[in-house]
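Kindly produce the complete structure, drawing on both the sequences and the hints.
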Amino acid sequence: MNRNVLIGLVAILLVAPFFLYPVFLMKVLCFALFACAFNLLLGYTGLLSFGHAAFFGASAYVTGHAAKEWGLPFELAVLTGALTAALLGAAVARLAIRRQGIYFAMVTLALAQMVYFFFLQARFTGGENGLQGVPRGYFLGVVDLNDNMALYYVVAAIFLAGYLGVARVVNSPFGQILKAVRENEPRAISLGYDTDRVKQTAFILSAGLAGLAGGVKAIVFQLASLTDAHWHQSGEVVLMTLLGGVGTLLGPVVGATVVVTLQNRLSEGALNAYVPVVLGAIFVVCVLAFRRGVVGEALAFLKRGKE
Amino acid sequence: MMELIGISPQVLLGQLLLGLINGSLYAVLSLGLAIIFGLLNIVNFTHGAQYMLGAVAAWAGLKFLGLNYWWALILSPVVVGAIGVLIEKTMLKRLAHVDHLYGLLLTFGLALIFEGSLVHWLGVSGQPYPVPPELRGGVNLGFMFLPWYRGWVVVASLTVCLLTWFLIERTKIGAYLRAGTENPALLKAFGVNVPLLVSLAYGYGVALAAFSGVLAAPIFQVSPLMGSNLIIVVFAVVVIGGMGSITGSIFTGLMMGVIEGLTKVFWPEASATVIFVIMAIVLLVRPAGLFGRA
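The listed protein sequences correspond, in order, to chains A and B.
Position one of the first sequence corresponds to residue 1 (this note's numbering), numbered consecutively onward.
Position one of the second sequence corresponds to residue 1 (this note's numbering), numbered consecutively onward.
Derived by calculation from the structure, the hints in this document are not laboratory data.
Errors might be hidden in some of the hints.
Claimed, not checked - To give an idea of the interface, some chain A residues facing chain B are shown, with a C-beta separation under 10 angstroms as derived from the structure: (1) Gly46; (2) Arg94; (3) Arg98; (4) Met106; (5) Leu109; (6) Gln121; (7) Phe124; (8) Ile158; (9) Leu160; (10) Val170; (11) Val238; (12) Ala281.
Unchecked claim - Per the computed footprint, the stretches of chain A lying under chain B, defined by three or more beta-carbons under 8 angstroms from a beta-carbon of chain B, are: (13) 113 to 120; (14) 255 to 269.
Think of the CB as a built atom: it goes at the ideal place given N, C-alpha and C, for glycine as much as any other residue.
This is the structure we're talking about:
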């Protein structure tokens, strides 16, 4: 079953750019990776971070700066961005895990807002204009990334690596400990696990992956802006994960696809001004009637069919 | 002496007053959050939007119905509070038995809906709201000029905070409320209508937010996004103070406003982040918050 899902996913990734605009697909993939990273934390560790845009945005800025001002090649620029996000994640995690549940969400949100103000005021970010004209460069020095198709396949490969990475973590012994923390933290402690450390590790992994997504996005759009670090972005990634299915591997990918498609469609039409209203309405419906999300409901349906 | 370090006492006291105003708004808002959290166990993300709705209701009341400021101060909390009760009855009630994080997500979605749907109507930059004629002008205190309205905001906020404290600590309904925070099942067993109490608590918390929105309307613009960044600061204030005690929320709110005001004078660039930095320090030193129970 899982093998079939994977083969299907790879097949879709391979043929999609022949039917759809590659830049749009790359946007979907960046957000899908971002949502997968977020899901590692919410879905498998039970931690709701309401400040994940800080990592996404920080990496976008650092990647953009590294590629534009330092002249780093694509791979190194993105890697620098992701590492920065992971370091930032380590700092935020240290503070945030001192509180549980709802407070954890509020602390991450507040710290992310602090990061946002830093980017608003720092000189290298270009303030309200953002960091523009980020060069795409060459992949491994040979593949010209200014060609959308070439860039698409690089981005697809990065996404797939990230997705498989999350799957690997979730199915590893470490992933079992994460789920133990999610289900019953005191019990995990009594079994001898240092749950604070487990949570921190998960947070750093998640922040680093979110950074990977943000860095790639900065290269694709050749722009890093305040939108990437704004708390609305943090909210959107929660929505993508919730809509697709919290705690399912494929859920965040489905959720990101739906939300990005919806945003693109709406922004073309007369409803442009009402995008937040539509997103808010989806939020409300999901929470009230659809908490398992698209993939979660589908899995439950299949399970019922078997019984 | 002040002139020696390049800051005039006028500027200092002016910012201190503005800090006190912000602080009293923080106090009323975090008090509302604490009441809602106590009984419903959810963090009301819509709080910022409900603060905004209070201001918008005042503005709309003046423009379309000709209701003056004083009517707005009474009616707009009632109207917005009633909408809150409706939200609680139709939506939040269904979330009582699932993870509390869903409450945060639902109210976040509601905030997006309220703010997004008003942007088109009011414009992002917002609309001015006049200071009521009775409170125009001000008084020269010798060392600074105090506009009447700004003084009124501080006095009115603190009065509402004290009344709320009295309501919760000294009346029968307040005793029910405190009992419900401790153990709703037991309270129900004593024959108290707990679902009604929960609705009222949510409505009251929301009404407090709307009240501070009306107070803020003449000082800041009435804009659809006026509460959206404010609520995050209030969250930080709540983390600093802990939601356990009422006097704690009031005190922390005021203190954070004043600190923010002082930062504006001495290091303007840091004024947007100072409260978050304090939050980080408090988390390191005293994770439960200044007034929280560990």
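Verification of the hints:
The interface hint given for glycine 46 of chain A is met, as the beta carbon of that residue sits about 9 angstroms from the closest beta carbon of chain B, less than 10 angstroms. Checking arginine 94 of chain A against chain B by beta carbon gives a least distance of about 8 angstroms; that is within 10 angstroms, so the hint holds. The beta carbon of arginine 98 of chain A comes within 4 angstroms of a beta carbon in chain B, closer than 10 angstroms, and the hint placing it at the interface holds. A distance limit of 10 angstroms between C-beta atoms decides the matter here; for methionine 106 of chain A the minimum to chain B is near 4 angstroms, and the interface restraint holds.
Hint status for leucine 109 of chain A relative to chain B: holds, with the closest Cβ pair at about 6 angstroms, below 10 angstroms. For glutamine 121 of chain A, the shortest C-beta to C-beta distance to chain B is roughly 6 angstroms, which falls under 10 angstroms, so the interface hint holds. The beta carbon of phenylalanine 124 of chain A comes no nearer than 15 angstroms to any beta carbon in chain B, farther than 10 angstroms, and the hint placing it at the interface is violated. Against a cut-off of 10 angstroms between C-beta atoms, the interface hint on isoleucine 158 of chain A is violated, since the closest Cβ of chain B lies about 29 angstroms away.
With 10 angstroms as the threshold, the beta carbon of leucine 160 of chain A stays out of range of chain B, its nearest partner Cβ sitting at about 29 angstroms, so the hint is violated. Annotation: valine 170 of chain A was flagged as interfacial toward chain B, and the flag is violated, the nearest CB pair being 20 angstroms apart, outside 10 angstroms. Interface restraint check for valine 238 of chain A: the shortest CB-CB distance to chain B comes to about 7 angstroms, inside 10 angstroms, so the restraint holds. Evaluation of the alanine 281 of chain A hint against chain B yields a held restraint, the C-beta minimum of about 6 angstroms falling below 10 angstroms.
Only residues whose C-beta sits within less than 8 angstroms of a C-beta in chain B count toward coverage, and the region 113 to 120 of chain A has 5 of them, enough to reach three; the restraint holds. Note: the region 255 to 269 of chain A has 0 residues with beta-carbon separation from chain B under 8 angstroms; the three-residue rule is not met and the coverage is violated.
The earlier numbered hints that this structure contradicts are 7, 8, 9, 10 and 14.
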